[in-house]
Every structure is written in structure tokens, then in C-alpha cells.
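A.B. asks: Below, each chain spelled out in residue letters.
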Amino acid sequence: MSQETKRPIARWVIFLLVALAAVIPYLMKFELPELPAEVVDALYKEVEALPEGTPVLISFDFDPGAEAELDPMARAILRQCFRKKLRVINLSLYMPQAVPLMQGVIRDISKEYEGRVTKGTDYVVVGFSPAAQASINGMGEDFYSVFPRDMDDRPLKGMPVMKGISTLKDFGLVIDLAAGSLPDYWLVFGQSKHHFKMGLGCTAVMATDYYPYLQSKQLVGMIGGMSAGYRYEKLVGIPGPAGSAMRSLSVIHLLIVALVIVGNIVYFAQRRR
Amino acid sequence: MRFFKRTIPLALTFVIGVVFFLQPFSPHPFSGKLLELFSNWVAIVASVSLVLGLGSLFLVHLGKIRKQGAGWGYSAVLLSCFFWISVAGFWPMKVDDPQHEGQTIWKIGGDGVIESHYFWIYWNVYRPCGATMFSILGFFIASAAFRAFRARSLEATLLLVSAVIIMVGNIPWGFEWGGGLAGSLKGVNWLPDFTKAQTLGPDIRDWVLTVPNMAAKRAILFGVVLGGIATSLRIIFGIERSYLGGGRD
Amino acid sequence: MEAMELIGVWIGIALTLGLYSFLYKDNPVFKFCEHVFVGVGTGYMLIYLAIEVVWPKLLLPLLHLFQWDVVPWLGGLFGKTWKVPSTPLEDLETWWLLVPTFFSLFMLVRFIPKVVWLSRWSFAFIVGYTAGNSIYASAQGQLFPQAQATLEPLWPPDAAWGASLNAVIVLAGVLSVLIYFFFSIEHKGGSPGLARSRYILLGVGGLAALAAIWVSMSHPEPEWDRARGAMIIVSLLSILIGFVVCREKHGGIYAISRLGIFFLMIAFGAAFGYTVMARESLLIGRVMELERCAHKPAGFATLILLPLIVGLIAFLETRQPKTPPTQA
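Residue numbers (the numbering used here), protein chains in the order written: chain A, 1 to 273; chain H, 1 to 249; chain C, 1 to 328.
Bound-form chain A, shown alone (with noise of 0.2 Å):
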């Protein structure tokens, strides 16, 4: 390598201040605030107003890339589930990559409700199908022609989980957990078509995107990376990893703009000389 594609000097202070706002809140334990956002509240309300054993779809649409964001969100809104007895479809529809992902999630929780729910009455992970317009449309039509049978292969028709339900229609809440573009086809190809109400979880890359369906009341609510991430969490009121994340996100954030203004006085100053 040439010596040119070396980083400059300045890089590597802002690199090591970067660093440092990581990991100095992170290990020293200090509480924050409350950060109500409206969007996330209603998300959480529209799940507390679920009558206990309403079928509710999650679809867990990312990878490890967006898993430091989401998987948070996720076991927030299952513990919000277990605890109201709510019968939850787990799915997948973005990539292999998330399978994984998901069973760790549904493990972990369903573990911490030992006793108290029961694979098969009370939750079920169907797996994964690729191609997510045309599945969104099967599944509008007849689910099971979509996922005939569970990971364990276990034949889905039939399952107390399952009961009452046979298309998308029957679903009491869709909610998608998306690091990519499926919130649009759920959006298009089921919500807009079969009328059921959808929530989402996403990165923050993506919330800003979705404020217009949001307003239209396409999206019942919205939690949008991991400060919206937080809130819920303290909603439901376990704590969990976006607690500990926020101390160093908040003092990322305000080291960024104190950069910002720092950039632009020696940018002004430059400029006068």
C-alpha cells in the first residue's frame, strides 16, 4: 500500500474521540431521562388495546448489519406480547440471514416465560420464504400455501396457535422489524389490500421514510432505530440492551454536532483570512 492511502492526522483524533464516546458512558452507568416519542406510544398502546389471544405476525426483516438496532426493538415488543397472552406468527421474508437471528430472540423470551407459554398455543416460528412481493401476495390469498408447515415441520393447519386464521385478513396486528425495503411491500401488497393494521420497527436510516404513512394511518406506529428503541423498552418496562447503548449514543450525538460547529467556525475563520 502507498503511503497516501494512509488516514490523515485529524482523522485519526476524530476516530479516537469516536472511540472514546463509545465506550466511556458505556461503562460508567449513569441514568438519562425519559424521550417520549408519540409514534413508538402508539405503537405500544395499539398493542396493549390487543384482546388477550389476538394473532399477531411478526416479521423479522433483518441481518446482523441492522441487528445492534433491531433485535432490542424485537424483544421488547415480544416480552409486550407474552406478557398480554397474545398469540404470535413469527416470520422472515428478507433474507436467510435473518432466520437465525429470530430463533435467538424467540429462545431467549420465550425462556424468561417459561411456563407461561407454550410453542405451538402460544407462538410459533414458520420460517422463512423468499421473494417477498409475491409471498405477501400468497399469503393475502391462502397463508398456508406460503408456510404449509413450522421450522420443526410440523404441519401448521390445525395448530391452536393458528386458529381463525387463514389469510392476512385474520391477522389483529402485522408488525415488521425491517432493516431493508419490505416495509413497502407490506405495505402495497398487504396492508393497502387486505386492511389489517401494521406496525414497524426500523432502522434509523429508514424512519424519516415512513412519516408519510404514518400521517395517512397506513402505520398504526413506528419505532425507528434505537432511541425509539429505548422508549420502548422503558414502555414495556424491562430494561434492555438500548438502555445501556443509549448513555454512549447520546454523547456520539452530541460529540457529532459539537464537530459540526467546530467544522464551520475554522471553516468561517479560514474563509475571513
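The hints are simulated quantities; they were obtained by calculation from the structure and are not laboratory data. Accuracy of the hints is not assured; some may be wrong.
Unchecked claim - Subject to a maximum C-alpha distance of 25 Å in a straight line, what follows is the list of computed SDA-like cross-link-like pairs (lysine to any residue):
| hint | chain 1 | residue 1 | chain 2 | residue 2 |
| --- | --- | --- | --- | --- |
| 1 | C | 114 | H | 12 |
| 2 | A | 217 | A | 195 |
| 3 | A | 111 | H | 103 |
| 4 | C | 31 | A | 16 |
| 5 | A | 119 | H | 96 |
| 6 | A | 217 | C | 221 |
| 7 | H | 94 | H | 83 |
| 8 | H | 33 | A | 10 |
| 9 | H | 5 | H | 223 |
| 10 | A | 84 | A | 30 |
| 11 | A | 193 | A | 164 |
Values in this document were obtained by computation on a predicted structure and should not be read as measured data.
Assemble the complex: chain A is given as a structure, and chains H and C must be docked to it using the hints.
C.D. replies: Only chains H and C this time, still in chain A's reference frame:
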């Protein structure tokens, strides 16, 4: 030969495109059944196309090793890891039968066996790499914010101010400051009363997200949807043919 | 921690630190980790799709259909049970699987240059379905609900005037950005007759769109779905044909376009702010993992591997041939 290479694919696109364009308008149960049938077929063919794409990657790196081109050693690493996880995926193991308690069955690792070496490789190799790849950008975005975010013009200043409002508003302390600022403005009679607004939230961050940001994103959405519909129509009528790819007419 | 688990943790941390070496510069350690990632990811996806999608949804039903007795043994090994047809109809559905079978085979012959054109049939099949299915769905699911949501809050009976002001700002933002997208580029060519018919088409399209929105608001019952759908199609086609060419830039449109740019800059700033949160969240996730593996249960993996990786990169750096200085 042109009939098979060009006419048939274009006709197939046209016929299937028109059928599924008209499908939502048909109340007959057959149209729903047709959608269900085709949806399952497309999912299967799409999986095979993914397999094709992955296979192409495999062949590219195999070619690099054969020709001993620049960086062929890395291609050898890639293919070794590919074979490592493939062998693990097909490795048979005896596991508890989930459908019959107390019994065991033979399964291959890739068939949902969490304890298999296949998933061990996923959790300990793929997952750390996947998570780390995107996290590197965390450093570069800070560096870019320092070097490139300049209030050179009115537009750039608007972008900068909006970004700062969002970044500060997304942290608990920032929400307190922003809420306090919006709250202090409530007493001024000629400003809109944010707390009674149909848009969500009293603070400045929420106003930026639910009013100007939403307006622009909605307009972008209109543009994208209209463009997508125009492209779909062009594809169906055979004006746009780039999706056909491969071979000569 | 079990031995295999500990080895796995160490491999994960080594790969993490190796990938972070990119912060120094592109180097052999980073390239090695990158290729490991791609190799493992490719293999994982290929195996998963083959075992969990192609085998149970396509091959197993077809093999059962052709009654190949050797397969029960294989089927048991793969853990997937037979789908035994119980009615003649189900058997018919299984025969229909020959359609995706042939299209899948045509896709795979892409590697054979003489018959690569067969893959066009497979792409035509997928693209025709996707294109046809998405036209009405995106109009119904995105275009019209969003247009309705833009206009609806302008005249709510019971909201504060602050809400109406926000709704007017949203409408102004949407229109100004759309004008910026469609009308701010200078048009070369065209005729007055073409311009006149363009305005007529846009007018017809706009009226049909307003009619569809009025029907949605006043008659939301399913019986009105087909009428609403017909109005949507008429307005779509008119607007699309009318938007074929763009108007010339002139004073009034330019000012509105500038307003559109301001709204876009606010949106992009908001997007940047959220992108910062996204990327930093991922970084903090890895920091948490590295911190967790710096303790005894993980064998102090982070603390031991960090200097090792740094030392390896320094060693490889000394082995790199130095580029000679260029002559003036």
C-alpha cells in the same frame, strides 16, 4: 430463432403483466387462486435465481484462482470458507425429534439444527463480520460531519440546522432542551399552539419530522411511484427490455 | 464457557478487530476477513435456500409425484416429511409445479452460452408478474392514500388553526417538491399542439384523481371499489402520458422549485441526523460485544487479540515494498 429469443419472452411479459394488472378487478375466486398459484411459482423461481447469482460469484473466484490473477489468494480463502460452511450444512447428525418426545432422527446441519456446525459458523463468523462491516461507517460519518458539513449556502445551512435538530432531539437531554424551547414559545400568542396540533408531539424535532420532512418524503414517494408505474408499463409493452439480459437476439 | 463456544468467541473477536483495521487503511488482514465474510455468507445463503425452499417446495413434491421409492430414505434424512396428496385436486396442483420447474431449469442454463437465451423466458416470467401486479397495488397502496392524506387535514372541523397551518405547509411542501422534480428542467423541442394536449391530459388526470379521492372519503364501502379503481386507472394513464415532456423553466416555476429545494434540504438533513444514529448504534453494538469479551468468561479475548492484530498489521506493513519517490 429470433421468435424464441425475443418474441416469446416479450409476449410472456405482456400476457402475464396484463393478466396481473387486471387481476385485482376480477371478483371471481379463480383470480385469487391464480394470484396464489403464480405467487408460489415466482417465489420458487426467485430462489433459484438467487442460487444462480451466488453460483456466479463462486465461478468468478474459481476463474481467478485458475488464472492466478491479482489477489487470487483471497479468492482461495473465499472458496475455502464457502466449502467449509457447505460441508457443515450437509453434515448429518442425530437430533431430538421435535414432533415425538424421547425419539431421535437424522437431520443435516442446515435443516434448522441450531446445535450444528453450520449455525456455529453463522453465529461466530458471519454475524460478527456482518455487524462490524456496517459499524465501521460510524467512524467515517463523524469524520465526514467534521470535514464536509459546511454552511456554504442557504440550502446547506437548512440541511445542517435540520440535521442538528434531529441529532440533538434524538437523545434524552436534547428532547428536554427542545421541549423546553417549544414550551417557552407556547405563551407567544401569534405562534401556532403545537400541543393541539394534529401532527405528533410538541417538540421541535417532531415538528421537523412530521411537517417539512414528511412533505418532502411524500413528494419523493409520489415521484418514485409514478416512475415505477411508468417503468412497469414500459416493461409490459416491451419498450424497456434491459431485464432480458444474456445472449444476442 | 465450553471449548467450542470459547473458540467461536475468539474467532468472532479476531474477525471484528481485523475488519476494524480498515480504519488504519486497506490492508491484507482486512481483505482476509472480508473474503471470509463473503465466502461464509454465500455458502450459508446457498445451503439455506436449497434445503429450506427449493427442496421442500419444488423437488420433494415432484419426486413424490413420480413415485421414486428411493426418496423416502433421503426425505427422512433431510427431515422433511412427505406431502401426501389426499384429493385429486392436490395432485393437479403438484403437476402444475412443472411450470416453475421448467422456468428454474431455464434460469440455470444461463451458464451454457449456446442456450443462454432460455433464461430470458424465466426473467420474463418473474418480471411480467412483478410489473403487472405492482401497478394497481402501488397506486392503491401509496399514491392515492398519500394524496388523500395530504388534502384531508386541510378542512377538519374541530382541529386548532395550528393543525391547519401545518397541513397547508405540508401541501405547499409536496407541491413545490413535485414541481421541482417535474417542471424545473428546460425542455427542448415539442409543439404548441403537444403542449395543449399535455395540459388537457393533466387536467383530466387531476379531475379523475380528485374524484377517486372524493369517492374514497365519502363512499369507503367495498361496493365502490371497482368505480374507485376505474377512476384511479384513468387518472394514472392521463397523468403518465401528460408527464412525458417537461415545461420550460421560467420565473414563477423557478421560485416554487426553490421552495421545493428548501423542503428537500430539511428532509435530507433529518435523514442525515437519523443516519448518524443508525451507524453509531451499530458501532455501540460492537463496542458492547468487545467489552463483554474482554472479561474472564470469554478468556479476555479482546485484550489479548487487540495487540496481536495490531502487531500483525505492523509486521505486514514492514514487509510491504516501499514506493519510490516520483521524479520531478
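A.B. asks: For each hint, tell me whether it holds in the structure or not.
C.D. replies: Hint by hint, here is what the structure shows:
| no. | hint | in the structure |
| --- | --- | --- |
| 1 | C:114 <-> H:12 | holds, 21 Å |
| 2 | A:217 <-> A:195 | holds, 11 Å |
| 3 | A:111 <-> H:103 | holds, 23 Å |
| 4 | C:31 <-> A:16 | holds, 23 Å |
| 5 | A:119 <-> H:96 | holds, 16 Å |
| 6 | A:217 <-> C:221 | holds, 18 Å |
| 7 | H:94 <-> H:83 | holds, 22 Å |
| 8 | H:33 <-> A:10 | violated, 63 Å |
| 9 | H:5 <-> H:223 | violated, 34 Å |
| 10 | A:84 <-> A:30 | violated, 31 Å |
| 11 | A:193 <-> A:164 | holds, 19 Å |
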